[in-house]
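Student: Below, each chain spelled out in residue letters.
There are 2 protein chains.
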Amino acid sequence: MKQSLSFIPTMREVPSDAEILSHQLLLRAGFIRQNASGIYSYLPLGKKVLSKIELIIREEMEAIDAVEVFMPALQQAELWQKTGRWYSYGPELFRVKDRHQRDFALGATHEEVITSLVRDEVKSYKKLPLTLYQIQTKFRDELRPRFGLLRGREFIMKDAYSFHATEESLDEKYQDMKQAYTNIFTRLGLNFRTVIADGGTIGGTDTHEFMALSEIGEDTIAYSDTSPYAANIEMAEMNTTFEKSDEVLLEVEKISTPNMQTIDDIVSFLDTEATKCIKTLIFKADEKLVAVLCRGDHEINDIKLKNALGADTVELAYEGDVIELLSCGVGSIGPVKLPLDLKVIADHAIASVVNGVCGANEDDFHLINVNPERDFAVDRYADLRFVQEGDTTPDGEGTIKFAQGIEVGHIFKLGTTYSEPMEGTFLDNNGRNQHYQMGCYGIGVSRIMAAVAEQYNDENGLKWPKNLAPFNIHLIALNMKDEAQKDLADELYKLLKSYRFEVLYDDRPERAGVKFADSDLIGLPIRITIGKKASVGIVEVKYRSSGESTEWPKEEITEKLQAFFGAE
Amino acid sequence: MKQSLSFIPTMREVPSDAEILSHQLLLRAGFIRQNASGIYSYLPLGKKVLSKIELIIREEMEAIDAVEVFMPALQQAELWQKTGRWYSYGPELFRVKDRHQRDFALGATHEEVITSLVRDEVKSYKKLPLTLYQIQTKFRDELRPRFGLLRGREFIMKDAYSFHATEESLDEKYQDMKQAYTNIFTRLGLNFRTVIADGGTIGGTDTHEFMALSEIGEDTIAYSDTSPYAANIEMAEMNTTFEKSDEVLLEVEKISTPNMQTIDDIVSFLDTEATKCIKTLIFKADEKLVAVLCRGDHEINDIKLKNALGADTVELAYEGDVIELLSCGVGSIGPVKLPLDLKVIADHAIASVVNGVCGANEDDFHLINVNPERDFAVDRYADLRFVQEGDTTPDGEGTIKFAQGIEVGHIFKLGTTYSEPMEGTFLDNNGRNQHYQMGCYGIGVSRIMAAVAEQYNDENGLKWPKNLAPFNIHLIALNMKDEAQKDLADELYKLLKSYRFEVLYDDRPERAGVKFADSDLIGLPIRITIGKKASVGIVEVKYRSSGESTEWPKEEITEKLQAFFGAE
Chain A
65 MKQSLSFIPT MREVPSDAEI LSHQLLLRAG FIRQNASGIY SYLPLGKKVL
115 SKIELIIREE MEAIDAVEVF MPALQQAELW QKTGRWYSYG PELFRVKDRH
165 QRDFALGATH EEVITSLVRD EVKSYKKLPL TLYQIQTKFR DELRPRFGLL
215 RGREFIMKDA YSFHATEESL DEKYQDMKQA YTNIFTRLGL NFRTVIADGG
265 TIGGTDTHEF MALSEIGEDT IAYSDTSPYA ANIEMAEMNT TFEKSDEVLL
315 EVEKISTPNM QTIDDIVSFL DTEATKCIKT LIFKADEKLV AVLCRGDHEI
365 NDIKLKNALG ADTVELAYEG DVIELLSCGV GSIGPVKLPL DLKVIADHAI
415 ASVVNGVCGA NEDDFHLINV NPERDFAVDR YADLRFVQEG DTTPDGEGTI
465 KFAQGIEVGH IFKLGTTYSE PMEGTFLDNN GRNQHYQMGC YGIGVSRIMA
515 AVAEQYNDEN GLKWPKNLAP FNIHLIALNM KDEAQKDLAD ELYKLLKSYR
565 FEVLYDDRPE RAGVKFADSD LIGLPIRITI GKKASVGIVE VKYRSSGEST
615 EWPKEEITEK LQAFFGAE
Chain B
65 MKQSLSFIPT MREVPSDAEI LSHQLLLRAG FIRQNASGIY SYLPLGKKVL
115 SKIELIIREE MEAIDAVEVF MPALQQAELW QKTGRWYSYG PELFRVKDRH
165 QRDFALGATH EEVITSLVRD EVKSYKKLPL TLYQIQTKFR DELRPRFGLL
215 RGREFIMKDA YSFHATEESL DEKYQDMKQA YTNIFTRLGL NFRTVIADGG
265 TIGGTDTHEF MALSEIGEDT IAYSDTSPYA ANIEMAEMNT TFEKSDEVLL
315 EVEKISTPNM QTIDDIVSFL DTEATKCIKT LIFKADEKLV AVLCRGDHEI
365 NDIKLKNALG ADTVELAYEG DVIELLSCGV GSIGPVKLPL DLKVIADHAI
415 ASVVNGVCGA NEDDFHLINV NPERDFAVDR YADLRFVQEG DTTPDGEGTI
465 KFAQGIEVGH IFKLGTTYSE PMEGTFLDNN GRNQHYQMGC YGIGVSRIMA
515 AVAEQYNDEN GLKWPKNLAP FNIHLIALNM KDEAQKDLAD ELYKLLKSYR
565 FEVLYDDRPE RAGVKFADSD LIGLPIRITI GKKASVGIVE VKYRSSGEST
615 EWPKEEITEK LQAFFGAE
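Chains A and B supply the protein sequences, listed in that same order. Sequential numbering of the first sequence, starting at 65, is according to the numbering used here. Sequential numbering of the second sequence, starting at 65, is according to the numbering used here.
A portion of the hints provided could be inaccurate.
No copy labels: a pair is met if it fits in one copy or bridges any two.
[What the hints assert, rightly or not] Cut-off 20 Å, straight-line C-alpha distance, at most; resulting in silico cross-link-like pairs (EDC-like, lysine to aspartate or glutamate):
#1 K407 - D366
#2 K116 - E126
#3 K597 - D571
#4 K530 - E612
Derived from the structure by calculation, the hints contain no laboratory data.
Take these sequences, add in the hints, and give me the full structure.
Tutor: Laid out in structure tokens, this is it:
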């Protein structure tokens, strides 16, 4: 491609509205432009990167017998009403009325559509398993679109769905997908981790996320420093082996703690430790209040709490509800003498607290020397808290460390979550009607472009891995008015194209400095510069990744390039 | 691809809601399924055909230096308000509000978006010309979606846009595009015609349509039986050479014609000819009434009338308006003694009428022996009527014939229609600010699938041209339980794939009759059947296009296939 004919609008200055590096660089190097908040156009270079990502995904999907389809963005409301998501998905779902005032959702995901499609055609176990995928635009009206392509309102996804007669068959495909995803992200050049994840609103049981490691990632990964264990912090389990101290149990005392509201206040006022404090929170779980206990140095993990309670939603109760229930503020709650009908759930660590400190359910008073079981009852112990760096890993073999990650893939075992409401059934080999076992598997195609940009760059611009670079080679003629330079550049352009290299040929009448700066910004793996030595058939070569420069005689160029690009 | 792993739900019966053959066959052969009125899913075979169409389009676009981009479906209302199309596009434009109640259009086309993108980046003639294209889903809320993929509400289009410093540059690109489109539709195997077209709501001047010939086409093409002339009937011009008869002019007479309303009534009552009748119609052109005359055997063409009047809209006036204006019904209007301020425009053929018949502007009366100029004035003569089969062609060299066509492509010279309201300007080589000259160029990607299906079929199913077939070869093992058959089929499947043939391998445990019927329905170019002669290494080969059958020894298969598929 001749650069003069393409549309690669580069910028020197850093765009003020782009907070993170990948967003800045993709804008500056002319890969994308914003049309509206969270809505982008992919310019020629961006579109090429997308196509390369899609190619790798297609190859790996086909290798595990997933078959490509293409479903519509406009989805009848009736389908979403059938699963209840028309109501539960909230404002994130774009809704459209057609000219007859019929309601449609703009596809945020396609479980409903694909289940209805398959349901109408696949009625026997003989036609299962079946795995379908598509690469398509998705629409989600995010509350806070940000970070460029990382959290957009219109974005490109690969979504796959599998249908099975048995859980074993689903397990098998799930493992295949996990491997295919590992292959995909490896081929894409991403530094990533596969982590245990939460099913979230999509429902389902077993689920893993694929996280590209990056400081600006919105997810925290808890991983083991010595074993392969890794989980989204939302889901990271605690190792529940505790030692209880052999301290002598003392008598409970009620003490005045005027204006003490926080754990920190109490710790310094009583000269004690946060590990001794029993934090008591009132949550509303599906409209029912529940008391939740954890140690003063720990934080309750909503997802774990939700899962432990089997609730659809959990949220902290309003202060007003607490005052009505206990006649004290939220800073003075404690587990002793709570109303009998209030369920109490505690994090495992509470069981090991000896002579602890807690609120007295009376403003400005706390209790000391409080002991579980002796002084208050717990309905159930569970793993409720966020893990912390330094915690022992669940397998007991290592120590938890944290990293930030960008979710680039997510696989789910859905079971019958969708086939039941959608009435997706087949006859099994005994002639009985059964619901499909389903899996769903997503990859954020456009998001990957940002994740790679986040991992591959330096102060001068992007540094695309070979597999994803929009072109292999940036061919630059320093002075297009110099006939020897222009002739050699034209000759090389033709030659390299005939060898099937993808070449971006900077034939613009720009100064050398502009061409070099643009080239570094765009970040193709190899830059070939035709300068003064054109007359003697020598070109300068620079590897974008290492920054190394060298000179090649023109006769050796194709061979050396084949060696470089073949060596993947 | 093993058929057992794919999703190809075939049907024996003709779907009752599919009116036309291509729609029936694409449904029956499992290429598509309807999700809602005018909204379809592309199943694996359909998706493969789409990909092949897209590949050909991409190759031809790149050959003329058009560069691929990808723009969003969600488009800010402000852009459409800027060109006025937010208001003029009507209910065909899907409109969405985001969670902040901001208005968006769902992309029906992308002139506004691309003009705003280019406007912000290309400010010098040095960066022109520039041609960008995308392949993308479009949304249009058609009043009457029908004929399957031919008129849908969500469909796939290739749309290209070009930007130029001069009209000459636009002319050049327009010719390049016309040639590229000709190449594309030729490679797609379509029987098509390039026709002169109307710009319609998109605006612009010079414009051509590419019409796939088909009885069920919604457009009528008027073409010359001897020259390359072809035009959409909306635009087909008349040859305006007329001979005026040398009949003696007679005196006007008013005669009673009780209850005579139509030309037919008058012709039989007066024993005259329709060619003698002067039909007078009152139209409303942009809210202003105008009298429009044509011969009794002709029909007024709204598009020609609109263009002749330079109006945005023309429609027949309501009867009430006519009565108020002339105090007579629409069946009794005539051009003699019309109100002085009513503009009169007449088709050229009126000039040659001698001793004609027309309404008397009085119910139940007509005038005979009426002659233009002598008895009534015409403000302007123009080419206003639809051409008819048998008319002389505009070049005078042939005779008009009609054919029906499916519009598969449309190219437009937009000029500054969009760059002016969108303020898309650049500095020319004299440092003056100018508006871009623009062109836009569309291809109905998903519609092509239906157009090809409409042209390539027989009573047993589809007959895909080689370039578009979802697979090259249908490999069928008649009896998967016969070891010799299964082994040979497995061996051939591997072999053919290693030769890069695309093979659909029917490995299902179905009866031979079912497999053959499905194979004919799906319509791949070559069917290879492994039957009883498997043990002696002989396969049966059937060419779907010609219906010819033959036998090949297995050693010769790859060579014969290469000869067949290479010969394109």
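Student: With reference to the structure, classify each hint as holding or not holding.
Tutor: For each hint, the structure was consulted:
{"no.": "1", "hint": "K407 - D366", "in the structure": "within (17 Å within a copy, 77 Å between copies)"}
{"no.": "2", "hint": "K116 - E126", "in the structure": "both (16 Å within a copy, 17 Å between copies)"}
{"no.": "3", "hint": "K597 - D571", "in the structure": "within (18 Å within a copy, 62 Å between copies)"}
{"no.": "4", "hint": "K530 - E612", "in the structure": "within (16 Å within a copy, 48 Å between copies)"}
Violated hints are absent here; each numbered hint is respected by the structure.
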